[in-house]
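> Chains as they are written, first to last, in the numbering used here: chain S, 1 to 329; chain W, 1 to 329.
Hints are computed from structural coordinates only; laboratory data are not their basis.
Keep in mind that the hints are not guaranteed to be accurate.
Given that identical chains are not distinguished, each listed pair holds provided it fits within a single copy or across any two copies.
What the hints assert, rightly or not - Lysine-lysine pairs mimicking PhoX-like chemistry, simulated, CA-CA at most 25 angstroms apart:
1) Lys142 x Lys192
2) Lys24 x Lys272
3) Lys142 x Lys313
4) Lys32 x Lys208
5) Lys142 x Lys272
6) Lys200 x Lys188
Listed below are the residues making up each chain.
2 protein chains.
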Amino acid sequence: MKSGMMIPALLDLVISMSVQAAPKESFLRPDKVPAPSSNQMTPERVELGKALFFDPRLSGSNWISCTTCHNPALGWSDGLPTAIGHGMKILGRATPTILNTAYQRKQMWDGRFRTLEEQALGPIAADVEMNQNLDNVVAELKEITGYHAMFEKAYPGEGISKDTIAKAIASFERTVVSSDAAFDRWIKGDEKAMSDYAKKGFALFEGKANCTACHQGFNFIDDGFHNLGLKGNQDAGRHAQVPVAVMMGAFKTPTLRDVALTAPYMHNGMYKTLDEVVAHYNRGGDVKENLDPNLKPLNLTEQEQKDIVEFLKALTGEPMMVTVPHLPQ
Amino acid sequence: MKSGMMIPALLDLVISMSVQAAPKESFLRPDKVPAPSSNQMTPERVELGKALFFDPRLSGSNWISCTTCHNPALGWSDGLPTAIGHGMKILGRATPTILNTAYQRKQMWDGRFRTLEEQALGPIAADVEMNQNLDNVVAELKEITGYHAMFEKAYPGEGISKDTIAKAIASFERTVVSSDAAFDRWIKGDEKAMSDYAKKGFALFEGKANCTACHQGFNFIDDGFHNLGLKGNQDAGRHAQVPVAVMMGAFKTPTLRDVALTAPYMHNGMYKTLDEVVAHYNRGGDVKENLDPNLKPLNLTEQEQKDIVEFLKALTGEPMMVTVPHLPQ
Chain S
1 MKSGMMIPAL LDLVISMSVQ AAPKESFLRP DKVPAPSSNQ MTPERVELGK
51 ALFFDPRLSG SNWISCTTCH NPALGWSDGL PTAIGHGMKI LGRATPTILN
101 TAYQRKQMWD GRFRTLEEQA LGPIAADVEM NQNLDNVVAE LKEITGYHAM
151 FEKAYPGEGI SKDTIAKAIA SFERTVVSSD AAFDRWIKGD EKAMSDYAKK
201 GFALFEGKAN CTACHQGFNF IDDGFHNLGL KGNQDAGRHA QVPVAVMMGA
251 FKTPTLRDVA LTAPYMHNGM YKTLDEVVAH YNRGGDVKEN LDPNLKPLNL
301 TEQEQKDIVE FLKALTGEPM MVTVPHLPQ
Chain W
1 MKSGMMIPAL LDLVISMSVQ AAPKESFLRP DKVPAPSSNQ MTPERVELGK
51 ALFFDPRLSG SNWISCTTCH NPALGWSDGL PTAIGHGMKI LGRATPTILN
101 TAYQRKQMWD GRFRTLEEQA LGPIAADVEM NQNLDNVVAE LKEITGYHAM
151 FEKAYPGEGI SKDTIAKAIA SFERTVVSSD AAFDRWIKGD EKAMSDYAKK
201 GFALFEGKAN CTACHQGFNF IDDGFHNLGL KGNQDAGRHA QVPVAVMMGA
251 FKTPTLRDVA LTAPYMHNGM YKTLDEVVAH YNRGGDVKEN LDPNLKPLNL
301 TEQEQKDIVE FLKALTGEPM MVTVPHLPQ
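Based on the sequences and whatever the hints tell you, model everything.
Okay, structure coming up:
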């Protein structure tokens, strides 16, 4: 192991182990959606990014758009165990929702991109996803007359480039945020917003089940990576980025916002229901090698497991209404 | 040739040759969208049909929905020369828009279905399109809890069946109709709605260019089939349904509504622009074998051809705003 790898690996663990319980207020929505100073959100940037996000002409086949897999009809994911990409090949990992990615400090299951701007071009260029050469994307978009004015309004003087494409898509993605769910109304004081079962579930989530070891704050993430002891997993996950043993088979903690909409679950879609996920954690995982130290058998009763699922459902709000853009010709 | 085949073939021609010029009023929108008495439109049927239309779980891969090819972002088509289907194989014909299919008496390029109800299941079952066994679709939809109530509201007591799936999709498709374009405002009396070029184009369209031989009435169709003398065409088209020589290489007259949104053009997408299409007709087609008798060299000037294109653009209205449905889990 190179010593330079030690710091990010330690940080991944430090982040994941820093909080064991938290006041209700820590789950409140941040005042604003974070955006980098080099790409502040404007209506024109969001509109452009939305068009690009829906536009199949970004792919090599001109048939696959970002929405093909990050489908707003299916919680900004695809409902599949693992993704399908160019040529309809089945890929190794599940399509993560793009909901609330604005609040993540690491993108992708293995965290190989930090910002949405860095991430946006990845799936376009990946030969197993949208299979398009990035220079070709720029050239093809330049041939679509209607895009010229849209880019000029969004990024005056910057033109159509990989950089402005990425920034526009990132701007749109930052609008894809969760709405208030029953849980939010409850933490703001509406006692009737959540059922007693869900309230018990939340107490277990923070307490006996220790879910908040990783699922923390408004977005229920820790920006860390964890090996959950999934049976049969052969995917090295974060280890490809940070080659230390504890990152072998470790994947990024996903948001739990709107989690009822994004079945199936885990990086490989191996569990169809939230009940199966909670049962997995109750067993403390199935494979002990490189297992995250937070996983251990929880001895939850059947009812307690159901209560946690009720709480998880209370994290699902009204999904965002999205109108289909009319793409420039 | 079987004698039973003669009548539909003759009808195809009779329809196509019955009108040479028409009063402006003949282009007015019909009072209501036609729907069969066995499947009258209700909000519940339309809502269900919209969900099904957007749902990739109707395909064998669970990845392709009706909207993948009939994309509301691209004029309810896909912008490709010819369609892409299951396995991302490139197919032989262009994806037709579903805009105004409610007004068609024949569906598909070769007219092999008459009603939208008959047509709706075709692409789901076709192994080169959505590649799903229809019994599987029914079984899979029955497993999605949220669909039960939607079907019950739409078709009380009828359950989830091939029949109700087809009827619901057809009901949604009947809402996909063109809006008033500049041309409509002009025929209703707003002289300034169309440019003088477009007005000259319309006069040519009805007169010297004889486009109304086939493109008639509100939807600019004749429900007929015509061999347009396309260079290199190997596709038998309507002949597979009606095996008479005149139907060899003949395809259904497509709507011209919103035609500026649905490039490329012709059944095989061989022309990228409307200018190329008009130039083709001006040449009277390129292949004389089985050529439709209406096609002959038009001797239009460059300006006249441009005027017709201006008129065609004036048939494009504001595209329909569509919100993405949230699919049941």
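> Against each hint, give a clear statement of whether it holds in the structure.
Each hint, compared with the structure:
1. Neither within a single protomer nor between protomers do Lys142 and Lys192 lie at most 25 angstroms apart by alpha-carbon distance, with minima of 54 angstroms and 33 angstroms respectively.
2. Taking CA atoms no more than 25 angstroms apart as the test, Lys24 paired with Lys272 passes in neither setting, with 29 angstroms inside one copy and 59 angstroms between copies.
3. For the identical chains of this complex, Lys142 and Lys313 are inter-copy neighbours only, at 22 angstroms across copies versus 44 angstroms inside a copy, given an alpha-carbon limit of 25 angstroms.
4. For the identical chains of this complex, Lys32 and Lys208 are neighbours neither inside a copy (32 angstroms) nor across copies (62 angstroms), given an alpha-carbon limit of 25 angstroms.
5. For a Cα distance limit of 25 angstroms, the shortest separation of Lys142 from Lys272 across copies, 16 angstroms, qualifies, whereas the shortest one inside one copy, 43 angstroms, does not.
6. Taking the shortest alpha-carbon separations for Lys200 and Lys188, only the intra-copy value of 17 angstroms comes in at or below 25 angstroms, while the best inter-copy value is 65 angstroms.
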